[in-house]
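A.B. asks: Each chain, letter by letter, is given below.
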Amino acid sequence: MKSIRFPAALAAAVLILSAPSFALAQPDPGTPPIDSGATAWMLTSTALVLLMVPGLAMFYGGLVRTKNVLGTMMHSFAAMAIIGVIWASVGYALSFGPNILGGFVGWNPKMLFLADDTSAYRINGGVSCIPELVFAMFQGKFAIITPALIAGAFAERVRFRGYCVFIALWGLIVYCPLAHWVWAPDGFLLKMGAQDYAGGTVVHISAGISALVCAIYLGSRRGYPQTAMHPNNLVMTMMGAGLLWVGWFGFNAGSSLGSNFETARALTVTQAAAATAALVWVIIEAIHHRKATSLGLCSGILAGLVAITPAAGVVGVSGAMALGALASLLCYFTVIAKTRLGYDDSLDVFGIHGVAGIFGALALSLFLRHENAIDLANRFGPNWSVGHQLGVQAMAVGIAAAYAAIVTIVLVVLVDKTLGFRLDPVRENAGMDHALHGEHGYGLLNLQ
Amino acid sequence: MKLITAIIQPDKLDEVRESLIKAEITRITVTRCTGHGQHQREDQGEDMFRGQLIVPDLVPKIRLDIACNDEFTDIAVDAIVAAAKHGDGHIGDGKIFITALEECIRIRTYERGGKAI
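Chains as they are written, first to last, in the working numbering: chain D, 2 to 449; chain S, 854 to 970.
Read the hints as simulated data drawn from the structure, not as lab findings.
Each hint can be trusted.
Far from chain S, by Cβ distances over 12 Å, these chain D residues were calculated: (1) T47; (2) H289; (3) V336; (4) A395.
Using C-beta positions, here's what the derived DEER-type ranges look like: (5) D:K418 to S:T962: 55 to 65 Å; (6) S:I874 to D:G220: 21 to 31 Å; (7) S:V912 to D:F334: 45 to 55 Å; (8) S:H943 to D:D425: 10 to 20 Å; (9) D:A406 to S:V912: 40 to 50 Å; (10) D:L235 to S:A876: 31 to 41 Å; (11) D:L235 to S:I944: 32 to 42 Å.
So the derived list for chain S, only partly shown, Cβ under 7 Å to chain D, looks like this: (12) D864; (13) D867; (14) E868.
Beta carbons are placed, not taken as given, at the ideal position from N, Cα and C, and that holds for glycine.
Same shape as in the complex, but just chain D (with noise of 0.2 Å):
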């Protein structure tokens, strides 16, 4: 009887949640016609995005020891599946919604899982769209990225139940109203006049400050400082590293929403910022130690990255350089000063993504291009200045990290007390792949 009930039970339910889409099958006829190039474009960058997801799996797999290689990687590949889910039922519908809660987040029912199928997304200033599909499946893929960032932080030390529950409250409650706030049409840092290209401030900030906060909170890992804790594959890290940097032309590149000159100018400054700041790393590595190291290499191109990434739109290819070297200098001290603070930001989140996103946030204004700086001075009146920018500026980025803070030192604690997110020595000991997962992730390969 029960064998039978379920099967009928399910395919009401299918019919119930698809029935919106039948009344919904043609489009609305004052819709404009799609730019197909645009939309091209905008499915090439939703899976250059998603590539960076494997890519930080490898560039944060190969930085742990080799007895959580697998539970760091699945840190990454766990968010592809449960961000996956929640973006495409409520996340979407949340962030891209119209303003509701007196702006917290937006919410559009005919979003809710994604139900509104002919929808069109208005770009070029509304002459010409993309299916919104297209659009929600890109900006998904940065709400899947955004808590596998933050998992750096406590590698090689938590829960996998704990991690899962945490980044699925993290993403729709932090990232969610977050991604509202400047993206939506009708967010409120938007309107401010806040400048934030392709996720400075939601993606690098918000995962940086909350990183900072978790691994506060959870402590440092067994053996923290005194013990070397080596990477188990720098090939791994390098190659992961590579694929974040192709993966970012599609980041930033993609969020111009067309196929144009802005397009071409977010992708070179990207080039330019990243290049300049693997160059200066690697240079001041060589100053200090007297050796230019891979993951010195690595972490530069990560530096530029992200520091590009809220600029990308309004910054000229000297500008990028500037804070693609700047960052890199930024950076590299901070990641010093970590060990000498004593907090073990296992992964340098805080001291990359953190630090590289608000410089870049803040420095953007000292950068502007010509051209970017009259159309702001246009919006904004005679009043506008790089002062006053800055101002903006540092507002957003102020609201952004204290918001991801407040937030996440609530949910982090939550989750610890409730199910648990510490691993216990024992197991931390043991490695996370032995167990939590069960496996190993090389055969007769290297120890540590």
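Once you have looked at the hints, place chain S on chain D.
C.D. replies: Just chain S now, kept in the frame of chain D:
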């Protein structure tokens, strides 16, 4: 002089190392290895399965080699046993072999015997 060879479970490596370091035994060699012992047979029960002879599967283990002077042998063994047990001791926790060590030479100085260890 003795050569202590201990075969332990991989998840206990860090605890055994910490325990040895606490007992002031810091000169060790660690190798990843595989093998089969009682552990495997207990898991599979029978060597015959549906009329076929089952060849035991190789289980990953860790091998520690410690060369020491006679008076340190018991200290090292106690340190390993205390840390390598799962709870009160499970099948598969491992074994320790002790063999007489004929000679020990430090390459850098050509010192021989107990003082080279």
